[in-house]
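The chain contents come next:
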Amino acid sequence: MYNLKELNNAQGRVRTIDIVKKGLNRRYRKERRFRIFGCAAVIISLSFLSLLFISIISNGYTAFLQTMVRLDVFLDTRVIDKDNLADANYSKLIHEALLSVYPDVTKHNDRRKLYGLVSTSAAYRLRTFVAKNRHDIGTRIQIWVPADDDVDMLMKGYIDRDTPESQRRIDDRQLAWVDQLVRQGQIKKVFNMTFFTAGDSREPELAGICGALFGSFYTLIVTLVLSFPIGGAAAVYLEEFAPKNRWTDIIEVNINNLAAVPSIVFGLLGLAVFLNFFGLPRSVPLVGGLVLTLMTLPTIIIASRSALKAVPSSIREAGLGIGASKVQMVAHHVLPQALPGMLTGTIIGMSQALGETAPLLMIGMVAFIVDIPSGFTDPSTVLPVQIYLWADSPERAFLEKTSAAIMVLLVFLMVMNGVAIFLRKRFEKRH
Amino acid sequence: MTTIHLLLTLLTLTLAGFFIGRSKAIAVCSAQGGPSTLHSRPIYYGILTALWCAVPALIVFLFWLIFQSTIITDLVVADLPDQIRSLPEARLNLVINDLRNIVAGNIVGGNISPAIQAAADHYKSLEMTGQAALSVIVTVMAMVAVAGVWLKITPALRARNHVEKVIEILLLGCSTLAVFTTIGIVLSVLYEAIRFFKIVPVHKFLFGLEWSPQMAIHAEQIGSSGAFGAVPVILGTMLIAGIAMCVAVPLGLMAAIYLSEYANRHFRNVAKPLLEILAGIPTVVYGFFAALVVAPAIRNTGDMLGFSVSSESALAAGLVMGIMIIPFVSSLSDDVINAVPQSLRDGALSLGSTRSETIIHVVLPAALPGIVGGVLLAVSRAIGETMIVVMAAGLSANLTANPFQAVTTVTVQIVTLLVGDQEFDSAKTLAAFALGLLLFVITLILNVVALMVVRKYREHYV
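So the protein lines, in turn, are chains A and B. According to this note's numbering, the stretch in the first sequence is residues 1 to 431, in order. According to this note's numbering, the stretch in the second sequence is residues 432 to 893, in order.
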C-alpha cells in the first residue's frame with residue numbers, strides 16, 4: 001500500500017502524518033459509506049412498515065362502504081298475510097320487484113342471474129321493514145337492500161370490465177342490468193353498518209366483525225381478570241418478600257424462559273390440559289382467556305417487577321421506620337407508587353393477547369361461528385382468528401373485509417399502546 | 432344451586448363474615464376501653480374472618496369442579512352393561528362422548544340404546560346429587576369457619592399477623608404459577624409425545640427423511656403410508672428462519688448502530704418508536720401481508736427473470752418474518768451498544784480513528800456477546816413463529832434448500848395436524864405433540880444459551 005522506500009527516498013525518513021494523510025480520503029469514503037448503510041437500514045425498515053400500512057389501507061378502506069340497491073316493492077296482500085307476517089314469502093316480493101325493472105327477462109336461467117344481483121338478506125330486510133310498517137301492506141314502497149358481493153366489487157372497481165366474460169364473476173347481461181340501475185339512480189354506496197353489527201357469514205356482504213369483537217372482548221376480560229392480579233402478586237412477592245434462596249432462583253429463571261416460549265406451545269398446553277384433562281368446552285372465550293393468561297403472565301410479571309424496582313427504597317425504609325409491617329409498607333406506600341408502571345405492563349400484555357392467534361387455533365377458536373357470543377362459555381372466535389379465516393376465503397370481497405378487520409385490530413392496538421405510553425409519561429414525570 | 436349462585440352465596444357469606452368479625456372485635460374491646468386495647472385494628476379481625484370463610488371453601492369448590500366430571504364418568508361407566516364396558520378403549524370413549532352429549536341435551540346421531548339412555552339418566556342424577564352436595568358442603572364449611580373465628584376473637588388474638596401470613600402465602604402461590612405452567616407444558620407435551628414414540632420410534636422421527644403424516648385407515652390403502660421423519664420439517668424451519676435472520680440481522684444491527692451512534696436526537700425520537708411499531712403488529716397481519724403482497728411480488732419477479740418460483744416460496748415467508756424481527760434485533764443491539772462504556776469510544780476516537788472505525792473495531796467487538804445473545808433470542812422467535820408461515824409457507828414437506836420452493840415448518844405442521852377434527856389416539860394428532868416437544872426443547876436451549884451469554888456480558892462491564 002504505502003511505498004516506504006519511495007517516501008524514504010524523497011524525504012530521507014518516514015513521517016507518520018504522510019501515511020495517515022495518504023489513507024485519509026479512503027477512510028473518509030469508508031466512513032461515509034458506513035453511515036449511508038446505517039441510514040439505509042433505518043429507511044428500508046421504515047419503508048417496509050409504510051408498505052405494509054399502505055397495502056392494507058388501500059385494500060381495506062372500501063370495506064367501510066356498502067353498495068345498496070333501491071327496489072320498488074309492491075307489498076301484495078296476496079303474499080303477505082297481515083296476521084302471519086313471519087311466514088310470508090318475502091323473496092318472491094323482492095324477485096317481483098326486480099322483474100318489474102327488467103320485464104324482458106323471461107328465461108329461467110336469466111331470472112336466477114337477475115335475482116343474484118341483490119343479497120339474499122334482502123328478504124330479511126323487507127320482513128323487518130314490513131313488521132315495522134304494517135300499514136304499508138298493500139301499497140308500493142321503496143326499500144334499499146344490500147347488493148350482492150359481486151355487484152359490490154363491480155361498483156368499487158375491483159372487477160375489470162375488459163377481462164373476457166368467462167373469467168369474470170359478473171357476465172355481460174348482469175353488467176348491463178347494473179349499468180341500468182346506476183343510470184336510474186337505484187344504486188348508492190352507504191356506510192357499511194353490517195360490517196360492525198353482524199357476525200361471520202359465508203356471504204361477504206353479510207359478514208361482519210361484531211361476533212369476533214365480542215369474542216375478543218370476553219377473552220380479554222378473562223385474561224385481564226386473571227393475569228393482572230396474579231402477575232402483580234407474583235411480582236410483589238419476588239420483588240418485596242422473596243428470600244434469596246434456590247426456590248426463588250428457580251421461579252425467576254422459569255419466568256424468564258416462559259417469556260420466550262413460542263406462543264403455539266401454550267396452545268398445546270391448553271389443548272392437553274384444559275380441553276382433554278379438565279374437559280372444558282372447545283372454542284370458548286373462557287379457555288382462550290386461560291391460555292392467554294398463562295402466555296401474558298411473564299410479560300406482566302417482568303414489567304411489574306421493574307415498576308416495583310423503580311420505587312425508591314427510601315420510601316420503604318420510611319414506611320418501616322414509622323412502624324408499619326412489611327405488608328402494610330408494601331400495600332400503603334410501594335404499590336400506589338408502582339401501580340401506573342404495573343398497569344402499563346398489563347396493557348402491553350393485553351395488547352399482546354389481543355393480537356395473538358396461534359394458541360387460540362389449538363383450542364378450537366377457529367370454528368365458523370355466525371352468532372354473536374353472549375357470554376364466557378359461548379363458542380366464539382376472536383378478531384385475529386377472524387382475520388386468519390377471512391384471509392383464507394377465495395372471494396375477492398373477503399380480501400377487503402380482511403384488510404378492514406386488520407385496520408380495526410390495529411386501531412385497537414394503537415389505542416391500547418397509546419394509553420400505555422400516556423401512563424408511562426405521567427409516571428415518569430412524578431419521579 | 433348453579434355454580435354462579437353458589438359463588439354469589441359464598442361472596443355474601445364472606446362479606447357477612449367480615450362484618451361479623453369486625454363487630455365482634457369492637458364488642459370485645461369496648462368493655463376494656465376501646466379499640467386501642469386490641470392487638471390489631473378491628474378491620475383485621477374482619478378480614479381474618481372473611482379469609483377463613485372464603486379460602487377453604489373456594490379450594491374445596493375448585494377441586495370439586497376439576498374432578499367432578501371424571502369421577503361421575505367413572506361411576507357411570509362402572510355401571511354400564513358388560514358388553515359396552517368390554518369395548519376397546521377408543522369405542523368406549525365414543526360411547527362416553529355420546530353420553531355426555533345426551534346429558535348436555537345435544538342431538539346425538541343414531542339410535543340411543545336403552546342402556547345408554549339409562550346411563551345418561553344416571554349421569555344426570557349423579558351430577559345433580561354432586562351439585563347439591565357441593566352446595567351444602569361449601570356453605571356449611573363457610574358458616575362453620577365464620578363461627579369458629581368468631582369464638583376465637585379476643586383482644587389478644589394477633590389478627591394482623593395471621594392476615595399478613597395468609598397474604599404472603601397467597602403471593603407465593605401466585606409466583607409459583609409460572610413454575611406450574613412450565614411443568615404443565617413439559618408434562619402435557621411429553622406425555623402425548625411418549626405415546627407417539629410408542630407408535631413411531633424416536634430415531635425414525637428424528638432422522639427420517641420423509642414427512643407425510645397420513646395414517647392408512649385401511650391396511651391396503653395406497654399413498655398413506657404415514658411417514659413421520661421430521662428432518663424435512665426441521666430443515667424447512669431452519670431455511671425460513673435463516674432467510675429471516677439474513678434480513679433481520681444486517682438491517683436491525685445497522686439500524687441500531689445508526690440510531691445510537693450517528694442519528695441526532697430528533698431523528699432518533701421519531702425513528703425508534705416507528706421501528707417499534709413493527710414489533711407491535713400482530714403476526715396474523717404479517718401473514719396476510721406475506722400472502723397478499725410479498726409472495727405474488729416475488730413470484731412475478733421470478734417469472735420476469737425467467738425462473739419458476741412457488742407461490743408459497745420460503746423466500747416470501749422468510750422475508751416477512753425478517754421484517755417482523757428487525758425491531759427485536761435492533762432494540763436488543765441498541766441496549767448492548769449503549770452499554771459499551773463511553774471511555775472505550777473516546778479512547779479510539781482520540782487515537783484518530785473515524786467513527787465507523789471506532790464502531791467496527793472497538794464498539795462492536797465489545798458488544799459482540801450481547802449481540803450474539805440477542806440474535807439467538809431472535810432465532811428462537813423465528814423458529815417458534817406461527818402465523819406468518821401458516822399463511823405464507825407451504826404444507827408439503829420438501830427436502831430442499833432452494834428458497835424459491837415451498838417448504839413447511841414445525842409450527843405449520845402442528846397447526847395443520849391439530850386444527851379441525853381430531854382423535855387423541857391417532858399417530859397424526861400425537862405427532863403434533865412430538866413436534867411441539869421438539870420446538871419447546873430447541874427454543875428452550877436457544878433461550879438458555881442466549882440468556883447466559885447476555886448475563887455474562889453484562890457482568891463484564893458493570
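Fair warning: there could be bad hints in the mix.
[Claimed, not checked] Here are the simulated DSSO-like pairs of lysine-lysine, each with C-alpha atoms no more than 30 Å apart in a straight line:
(1) A:Lys113 <-> A:Lys156
(2) A:Lys132 <-> A:Lys92
(3) B:Lys583 <-> B:Lys596
(4) A:Lys30 <-> A:Lys113
(5) A:Lys92 <-> A:Lys189
(6) A:Lys30 <-> B:Lys703
(7) A:Lys113 <-> A:Lys92
(8) A:Lys309 <-> A:Lys425
(9) A:Lys309 <-> A:Lys244
(10) A:Lys92 <-> A:Lys107
(11) A:Lys309 <-> B:Lys703
(12) A:Lys309 <-> B:Lys583
(13) B:Lys703 <-> A:Lys425
(14) B:Lys629 <-> B:Lys859
(15) B:Lys703 <-> B:Lys555
(16) A:Lys326 <-> B:Lys629
(17) A:Lys107 <-> A:Lys30
(18) B:Lys629 <-> B:Lys455
(19) B:Lys703 <-> A:Lys326
(20) A:Lys30 <-> A:Lys92
(21) A:Lys188 <-> A:Lys156
(22) A:Lys92 <-> A:Lys82
(23) B:Lys703 <-> B:Lys859
(24) A:Lys189 <-> A:Lys113
(25) A:Lys244 <-> B:Lys596
(26) A:Lys21 <-> A:Lys113
(27) A:Lys244 <-> B:Lys887
(28) B:Lys887 <-> A:Lys309
(29) A:Lys30 <-> A:Lys82
(30) A:Lys326 <-> B:Lys455
[As the list claims (entries may be wrong)] A few chain B residues that don't get close to chain A, going by computed Cβ distances all over 10 Å:
(31) Ala447
(32) Leu518
(33) Thr560
(34) Leu690
(35) Asn769
[Stated by the list, open to error] Listed next, with one range per pair, are the computed distances between beta-carbon atoms:
(36) A:Trp144 <-> B:Asn695: 55 to 63 Å
(37) A:Phe376 <-> B:Arg516: 53 to 61 Å
(38) B:Gly465 <-> A:Ile315: 55 to 63 Å
(39) B:Ser827 <-> A:Ser100: 50 to 58 Å
(40) A:Arg183 <-> B:Glu707: 29 to 37 Å
None of these hints come from the bench; they were simulated from the model. None of the values given here were measured: they were computed from a predicted structure. We put the beta carbon where it would ideally sit given N, CA and C, even for glycine.
Hints, verified against the model:
Distance restraint check for Lys113 (chain A) and Lys156 (chain A): the Cα-Cα separation of roughly 20 Å lies within the 30 Å cut-off, and the hinted pair is therefore satisfied. Straight-line distance between C-alpha atoms of Lys132 (chain A) and Lys92 (chain A) comes to about 19 Å, which keeps the hinted pair within the 30 Å bound. A distance of roughly 18 Å separates the Cα atoms of Lys583 (chain B) and Lys596 (chain B); the hinted pair therefore holds under the 30 Å criterion. With a C-alpha separation of about 68 Å, the suggested pair Lys30 (chain A) and Lys113 (chain A) falls outside the 30 Å cut-off, and the hint is violated.
The straight-line distance between the Cα atoms of Lys92 (chain A) and Lys189 (chain A) is roughly 25 Å, inside the 30 Å bound, and the hint therefore holds. For the hint linking Lys30 (chain A) to Lys703 (chain B), the alpha-carbon distance of about 25 Å falls within 30 Å, and the restraint holds. As the CA atoms of Lys113 (chain A) and Lys92 (chain A) are separated by approximately 15 Å, the hinted pair is consistent with the 30 Å bound. With a C-alpha separation of about 17 Å, the suggested pair Lys309 (chain A) and Lys425 (chain A) falls inside the 30 Å cut-off, and the hint holds.
With a CA separation close to 16 Å, the supplied pair Lys309 (chain A) and Lys244 (chain A) stays within the 30 Å bound. A threshold of 30 Å between alpha carbons decides the hint, and for Lys92 (chain A) with Lys107 (chain A) the separation of about 17 Å falls inside it, so the pair holds. A distance of roughly 25 Å separates the Cα atoms of Lys309 (chain A) and Lys703 (chain B); the hinted pair therefore holds under the 30 Å criterion. Our distance criterion of 30 Å between C-alpha atoms is broken by Lys309 (chain A) and Lys583 (chain B), whose separation comes to about 40 Å.
Note on Lys703 (chain B) and Lys425 (chain A): the hinted pairing holds, with a Cα-Cα distance of about 16 Å set against a maximum of 30 Å. Pair hint Lys629 (chain B) plus Lys859 (chain B) holds up; C-alpha atoms about 13 Å apart against a cutoff of 30 Å. About 60 Å separates the Cα atoms of Lys703 (chain B) and Lys555 (chain B), which puts this hinted pair outside 30 Å; it is violated. Only pairs whose Cα atoms come within 30 Å are accepted, and Lys326 (chain A) paired with Lys629 (chain B) is rejected, the gap being roughly 53 Å.
About 77 Å separates the Cα atoms of Lys107 (chain A) and Lys30 (chain A), which puts this hinted pair outside 30 Å; it is violated. Distance restraint check for Lys629 (chain B) and Lys455 (chain B): the Cα-Cα separation of roughly 63 Å exceeds the 30 Å cut-off, and the hinted pair is therefore not satisfied. Only pairs whose Cα atoms come within 30 Å are accepted, and Lys703 (chain B) paired with Lys326 (chain A) is rejected, the gap being roughly 40 Å. For the given pair, Lys30 (chain A) sits about 78 Å from Lys92 (chain A) by alpha-carbon distance, which is inconsistent with the 30 Å threshold.
Between Lys188 (chain A) and Lys156 (chain A) the CA atoms are separated by roughly 11 Å; this keeps the pair inside 30 Å, and the hint holds. In summary, the hint linking Lys92 (chain A) to Lys82 (chain A) is supported, as the alpha carbons are separated by about 16 Å, within the 30 Å threshold. The hinted pair formed by Lys703 (chain B) and Lys859 (chain B) fails the criterion: a straight-line CA distance of about 45 Å is larger than 30 Å. Restraint check for Lys189 (chain A) and Lys113 (chain A): satisfied, since their Cα atoms lie roughly 22 Å apart, inside the 30 Å limit.
About 18 Å separates the Cα atoms of Lys244 (chain A) and Lys596 (chain B), which keeps this hinted pair within 30 Å; it holds. For the given pair, Lys21 (chain A) sits about 82 Å from Lys113 (chain A) by alpha-carbon distance, which is inconsistent with the 30 Å threshold. Under the criterion of a C-alpha separation no larger than 30 Å, the hint pairing Lys244 (chain A) with Lys887 (chain B) is consistent with the structure, at around 20 Å. A threshold of 30 Å between alpha carbons decides the hint, and for Lys887 (chain B) with Lys309 (chain A) the separation of about 22 Å falls inside it, so the pair holds.
Taking the CA atoms of Lys30 (chain A) and Lys82 (chain A), the gap is about 87 Å. The hint is violated against a cut of 30 Å. Using a Cα cut-off of 30 Å, the hinted pair Lys326 (chain A) and Lys455 (chain B) holds, with the two alpha carbons roughly 26 Å apart. For Ala447 (chain B), the condition that its CB be more than 10 Å from all CB atoms of chain A holds, with the nearest at approximately 23 Å. At roughly 20 Å, the least C-beta separation between Leu518 (chain B) and chain A is larger than 10 Å, which holds for a residue marked as non-interface.
For Thr560 (chain B), the shortest C-beta to C-beta distance to chain A comes to about 19 Å, beyond the 10 Å cut-off, and the non-interface label holds. With a cut of 10 Å on Cβ distances, Leu690 (chain B) falls inside the contact zone with chain A, its closest approach being about 7 Å. Distance check on Asn769 (chain B): its Cβ is at least 15 Å (rounded) from any Cβ of chain A, clearing the 10 Å threshold; non-interface status holds. At roughly 56 Å, the beta-carbon separation of Trp144 (chain A) and Asn695 (chain B) lies within the given 55 to 63 Å, and the hint holds.
The beta-carbon spacing between Phe376 (chain A) and Arg516 (chain B), approximately 36 Å, falls outside the hinted interval of 53 to 61 Å. Checked against the given bound of 55 to 63 Å, the beta carbons of Gly465 (chain B) and Ile315 (chain A), roughly 32 Å apart, lie outside it. Here the CB-CB span from Ser827 (chain B) to Ser100 (chain A) is close to 54 Å, well matched to the stated 50 to 58 Å. Against the hinted window of 29 to 37 Å, the Cβ-Cβ separation of Arg183 (chain A) and Glu707 (chain B) comes to about 52 Å, which falls outside the hint.
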